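Q: As a plain string of letters, each chain reads:
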Amino acid sequence: MNNLSGKYAIVGVGYTPQGKIPGRTAVSFHVEACANAIKDAGLERKDIDGLLLYRHFNPSKDEIDTTPYSVAQRLGLSPKVLSQEANCARTHISHAIGVLEEGLCDYVVLSYGDNARSGQRSFAPVEGDNAVFGQFGAVGGYAMAARRAMHDFQTGSETWKKIAVGQRKWANLNPRARMFKYKMTYEDYFNSRWVVEPFRLFDCCLISDGGRACVITSLDRAVSLKHDPAVILGFGQHNQSSDILQSRNMSGPTGAIVSGEQALQMSGLTIDDVDACEIYDCFTYTVEITLQDYGFFKAGEGKEWFDGGTIEPGGWMPINTSGGLLSEDYFMGMTPLTEGVMQLMGRCEKRQLGPTTKTKKPNIILCSDNGGVLQTHSTTILGKV
Amino acid sequence: MTYKKPLPQVNSDTKHFWDGCKKHELRFQRCLDCGHVRWPPSIICSQCHSSNTEWIISSGKGKIYTYVIFHQVFHEGFAEDVPYVTASVELEEGPRLLTNIIEYEVKEINCEIPVEVVWKEVSKEFIIPKFRPLKAS
Chain A
262 MNNLSGKYAI VGVGYTPQGK IPGRTAVSFH VEACANAIKD AGLERKDIDG
312 LLLYRHFNPS KDEIDTTPYS VAQRLGLSPK VLSQEANCAR THISHAIGVL
362 EEGLCDYVVL SYGDNARSGQ RSFAPVEGDN AVFGQFGAVG GYAMAARRAM
412 HDFQTGSETW KKIAVGQRKW ANLNPRARMF KYKMTYEDYF NSRWVVEPFR
462 LFDCCLISDG GRACVITSLD RAVSLKHDPA VILGFGQHNQ SSDILQSRNM
512 SGPTGAIVSG EQALQMSGLT IDDVDACEIY DCFTYTVEIT LQDYGFFKAG
562 EGKEWFDGGT IEPGGWMPIN TSGGLLSEDY FMGMTPLTEG VMQLMGRCEK
612 RQLGPTTKTK KPNIILCSDN GGVLQTHSTT ILGKV
Chain B
380 MTYKKPLPQV NSDTKHFWDG CKKHELRFQR CLDCGHVRWP PSIICSQCHS
430 SNTEWIISSG KGKIYTYVIF HQVFHEGFAE DVPYVTASVE LEEGPRLLTN
480 IIEYEVKEIN CEIPVEVVWK EVSKEFIIPK FRPLKAS
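Chains A and B, in that order, give the protein sequences.
Heads up: the first sequence runs through residues 262 to 646, numbered per this note's numbering.
Heads up: the second sequence runs through residues 380 to 516, numbered per this note's numbering.
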C-alpha cells in the first residue's frame, strides 16, 4: 500500500453558512458545500466524476431524502461513482482513493450536509429496545464508555475540562465558529448542566445546520490547481464494530490503534512527526481516548498531558484548531478533515498554525474520524508537497 | 395509570428472550460447540459461527460493567424519572445486558458492584428486567 502515500491530495474546501440557519433543507447544504468546494479548487462541475456523501438521517416531513443522486442532480453532475455511507462506516478516504487509483475517477467530492439544528427531528431518536430503559442517543453510549474509562484509568472531568476549554480558545479565533464570541473557563465548564452523567453540556458537541465538502484528486492534477494541495500521506481504518453496550473494548483500544498505525506506516512517519491533530470530537472523552490510542500518552496520563495548554493556541500539540465539533460546528468527520486541509494551505487567518498562534509551522497534520459509538475509526495524515 | 415509556419491539430474534421475561427468566443462547453465551440473540455464534445452540436461563446475578445517569429528558415517558440510571450489567454467564438500576443509594453505585435482577410488570404483554444492588446478607 505504501505507493499510495503522497499520490493523492485534497485541493479545495467548500463552506456554507453554518450554526443555526433555519428555513433550509439538508440537501441544500450539501449542494452549496459541494459547489463551493469545486469552485475553491478552481474546477468546474464537468470535471467532477465522483461524489461520496456522509450518512444522512431521516428527513423532516416536508423534505426529500438526502441521497447522492438528489445532490448530484442539483449540482448538474452525472458522475461515474456515486455513493453514500449507510450509518457511520467512515470509509470515504479509502473509497475516494480507490476509485481514483482505479482510474474510474479524476476528481472526487466528499460532502456532509444537514439541518440538524433547525430540522424538526431529534439527534437521539427513540428506537429499539434501548429506549425501553431510557437509553438514548450517541451521548448515552459515549457516556457509558467514558464512565468505564473513569473506572479503568481514572479519567474524568478534570481531564475533559482541558479539552473543552482548550478547543474553545481555538473557536475564539475562528469567526466561522458557533462559539467564536463565547469564552469558556473551567468554572463555566463545571457549571454547565449534566446531560448524561458523566457528561456535562460542555462535554458534548454542537448540533448544527450547514454543510462542508472537499475535493480529492491526484497530486499530478493537484499541482496545477489554485491552492497548495494538502497531500494525503497515509490513511488507515479499523472498526471495533461491536455495539458499545456489548463491547469488550469500551475504554479502549478503539479502532484508533490499528487505524493510526496503518496511516503512520503508509506515510513512513512516526507520531513524533505530527505537528497538530484534528480529532473527531463528538464528546470530550472521544478526544482523550483517540489521542491515547494513537500513542500520545499512556492510559490515564492525559490529565497531565493536557496540562499547561498543550492543545491550545501557543501549545506544543495543537488539537482541533477550528474549535472542532465541540466549539466550531458539527459536520461529522468533515470538520476535522477540512480544518487540517485549510491549515496546511495556510488559509486560517487568526487561528493559523505557525507564528500567528505561537505554534509549530504545520507540515504534518493527523485527522481522525469515527462513527457509531466508537465502533468505526479512520485516520488521515495530511502533509505538504 | 398508563405506561408512557417505549415498549420492547419484539422480533423473531428477540421473541424468546421477551417470552422468558414473562416467566421471570433471563434467557440467553449458548453455543453447544464453543460454549460462548451470546447477546443479542443471533442465528449463529459470533465466535465460532456454529448454529448449534441451546437456551440457558441466567442466574439473574451479575455486576455493573458501566452505567450513566440521565439528567436530560429525551422522551416524555422518563420526565418524572430523571435523574435515572441506565447500566450495562455483566451477568454471571457472560452477556452484558442494558438495563436500569433501581432501589439504589447514589453513593453505592459504581462499576463492578454486584447486582441482581428485579422484575417489573409494565403492561399485560411485558415484564421488564431491571437490577438492584445486591445487599450483603
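Some hints here could point you the wrong way.
Pairs of lysine-lysine, DSSO-like flavour, derived with a Cα cap of 30 Å [what the hints assert, rightly or not]:
| no. | chain 1 | residue 1 | chain 2 | residue 2 |
| --- | --- | --- | --- | --- |
| 1 | A | LYS487 | A | LYS322 |
| 2 | B | LYS486 | A | LYS564 |
| 3 | A | LYS322 | B | LYS383 |
| 4 | B | LYS486 | A | LYS322 |
Anything over 10 Å on all C-beta distances counts as not near chain B; from chain A, calculated [what the hints assert, rightly or not]:
| no. | residue |
| --- | --- |
| 5 | ILE282 |
| 6 | ALA406 |
| 7 | GLU448 |
| 8 | TRP455 |
| 9 | ASP533 |
Ranges of calculated distance between the beta carbons of each label pair, as one might list FRET restraints [claimed, not checked]:
| no. | chain 1 | residue 1 | chain 2 | residue 2 | range |
| --- | --- | --- | --- | --- | --- |
| 10 | A | GLY284 | B | VAL452 | 21 to 31 Å |
| 11 | A | GLY303 | B | LYS383 | 51 to 61 Å |
| 12 | A | ASP568 | B | VAL452 | 45 to 55 Å |
| 13 | A | LYS281 | B | GLU433 | 53 to 63 Å |
| 14 | A | GLY556 | B | SER391 | 38 to 48 Å |
| 15 | A | GLY556 | B | SER425 | 28 to 38 Å |
| 16 | B | ASP460 | A | SER383 | 37 to 47 Å |
| 17 | B | GLU504 | A | LYS341 | 16 to 26 Å |
| 18 | A | PHE318 | B | SER391 | 20 to 30 Å |
| 19 | A | GLU419 | B | SER391 | 41 to 51 Å |
| 20 | A | PHE441 | B | PHE505 | 30 to 40 Å |
Please keep in mind that the hints were generated in silico from the structure rather than gathered at the bench.
Small disclaimer: the values here were computed from a predicted structure and weren't measured.
Don't be surprised by glycine CBs; every beta carbon is placed ideally from N, CA and C.
Q: For each hint, tell me whether it holds in the structure or not.
A: Results for each hint:
no., hint, verdict
1, A/LYS487 / A/LYS322, "violated (41 Å)"
2, B/LYS486 / A/LYS564, "holds (25 Å)"
3, A/LYS322 / B/LYS383, "holds (24 Å)"
4, B/LYS486 / A/LYS322, "violated (45 Å)"
5, ILE282, "holds (24 Å)"
6, ALA406, "violated (7 Å)"
7, GLU448, "holds (19 Å)"
8, TRP455, "violated (4 Å)"
9, ASP533, "holds (33 Å)"
10, A/GLY284 / B/VAL452: 21 to 31 Å, "holds (27 Å)"
11, A/GLY303 / B/LYS383: 51 to 61 Å, "holds (57 Å)"
12, A/ASP568 / B/VAL452: 45 to 55 Å, "violated (36 Å)"
13, A/LYS281 / B/GLU433: 53 to 63 Å, "holds (55 Å)"
14, A/GLY556 / B/SER391: 38 to 48 Å, "holds (44 Å)"
15, A/GLY556 / B/SER425: 28 to 38 Å, "holds (29 Å)"
16, B/ASP460 / A/SER383: 37 to 47 Å, "violated (18 Å)"
17, B/GLU504 / A/LYS341: 16 to 26 Å, "violated (52 Å)"
18, A/PHE318 / B/SER391: 20 to 30 Å, "holds (27 Å)"
19, A/GLU419 / B/SER391: 41 to 51 Å, "holds (47 Å)"
20, A/PHE441 / B/PHE505: 30 to 40 Å, "violated (49 Å)"
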